[in-house]
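Enquirer: Counted the way mature numbering (1 follows the signal peptide of the UniProt record, and there is no 0) counts, the sequence shown spans residues -22 to -1, 1 to 390.
Hints were generated in silico from the structure; no laboratory data involved.
Honestly, I wouldn't trust all of these hints.
Dumping the calculated DMTMM-like pairs for lysine to aspartate or glutamate here, alpha-carbon to alpha-carbon at most 25 angstroms [stated by the list, open to error]:
| # | residue 1 | residue 2 |
| --- | --- | --- |
| 1 | Lys105 | Asp73 |
| 2 | Lys281 | Asp385 |
| 3 | Lys216 | Asp170 |
| 4 | Lys292 | Asp309 |
| 5 | Lys386 | Asp113 |
| 6 | Lys216 | Glu321 |
| 7 | Lys306 | Glu382 |
| 8 | Lys292 | Asp267 |
| 9 | Lys280 | Asp385 |
| 10 | Lys300 | Asp329 |
| 11 | Lys280 | Asp204 |
| 12 | Lys274 | Asp251 |
| 13 | Lys254 | Asp238 |
| 14 | Lys358 | Asp103 |
| 15 | Lys41 | Asp121 |
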Amino acid sequence: MARSRASLLPAAAAATLLGLLGQLTFLAPSTPSLGRRSHSSVVRNSGGDSVATGLVYPSPEEKVKTREADGITLFSTHAWKDDMRAILPATKKLDHAPVMIGVAADSGCGKSTFLRRVLGALGTDVKPGHTAIGDMLTVICLDDYHINDRAGRKATGQSALDARENDFALMGAQIEALKQGKAVYKPIYNHDTGFKDPPELIEPNKVFVVEGLHPIYDTKARSQLDMSLYIDIVNEVKFAWKVKRDVAERGWTEEQVQADIQKRLPDFAAYVDPQKADADVILRYEPSDQGLPYLKVKLIQKKGGPFPMITLKKELTLTGSKSGATLKQYDMDWMGSPATVVEMDGEIDMDNMEKQVEEIEANIVGLAGSPNELRDAMVKLKTSPGSQNGTGLLQAVIAMKIREVYDKLTGR
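Build the full structure now, drawing on both the sequences and the hints.
Expert: Take a look at the structure:
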């Protein structure tokens, strides 16, 4: 099931990490996740209550209860009911094949706020639930394909990032089936209990956002994506964010955070980070040239790919905030692929946000939006994390580009 990956990212020094804790003022409270809502005792369209299976893959007990149906292995750790199939005919028919967008990132990387920007660009919304579903868009959280529950991973000694702890065969088959307009019984990983709940029925929809640790890792799943995004946060920024979040929100000690960071590094480097070589567009976070807490955010666009490229008419400098902001464009080689980068370093003046975003919008070529759409989208989510820097601006651009891809593929 797993593929071998060998690169290992260097760990940041503990003193650097912990020293950043007091500096980080650029993070707002986290936005509730669209794809990982709190669970009730029974999930909509699922097969039943949240109870532990008591099974671990691989084990003799698991093997006895695992079965095959339609050529797909249904591991018993997924809590299948006897009458369930992995793939089945849909009751909902579509006029066109669903548009599949993959978003790869580690936890705590701002995917929830980004998904809200996508909903805004598409002019739609989703209903709360384990799987966020609306009239137009469904968010598939790939944590659901963890093959073991929390207790099972403790027994195997493997992390959720490890490819061996993820059911890529089922993931690829079901993403392909959804792309073909079929329905699936998708597994559920319950983040509240740590259990694998009985699978839930997912019908076709116009757009699927497939988000999590590994949407681009598996060849079959990746081949079903119409566009893929990798959110790439360099160690210095990521580690500082994690220290800030886990100490403040989870009550961890700094030593616990440091130990968790170091424990995750090898698996992240082996199984998650290599996906950025295959992504169509990369949103990369680095420390500003002025240092943290300011950020340099890069939109790395592969040439000739499915992401509709933007460029800048000229380099732009904005003043008014403490750091100011600069926007520039250049070409580079991105892991063997030619790419065009649009980069924003620093922060805009939030007291003059509308005017400054208007100036930025007028300087972008290829945005393909209505007049002042970027400005209006930014103002609407002004209080969301990252709205003062390239995080919000470039997320909003990507959201508009996802709509452009949807319109192109569906003829809307």
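Enquirer: Each hint needs a verdict: does it hold in this structure or not?
Expert: Going down the list of hints, with the structure as the test:
no.	hint	in the structure
1	Lys105 to Asp73	holds, 23 angstroms
2	Lys281 to Asp385	holds, 20 angstroms
3	Lys216 to Asp170	holds, 24 angstroms
4	Lys292 to Asp309	holds, 14 angstroms
5	Lys386 to Asp113	holds, 20 angstroms
6	Lys216 to Glu321	holds, 19 angstroms
7	Lys306 to Glu382	holds, 23 angstroms
8	Lys292 to Asp267	holds, 20 angstroms
9	Lys280 to Asp385	holds, 20 angstroms
10	Lys300 to Asp329	holds, 12 angstroms
11	Lys280 to Asp204	holds, 14 angstroms
12	Lys274 to Asp251	holds, 19 angstroms
13	Lys254 to Asp238	holds, 23 angstroms
14	Lys358 to Asp103	holds, 15 angstroms
15	Lys41 to Asp121	holds, 22 angstroms
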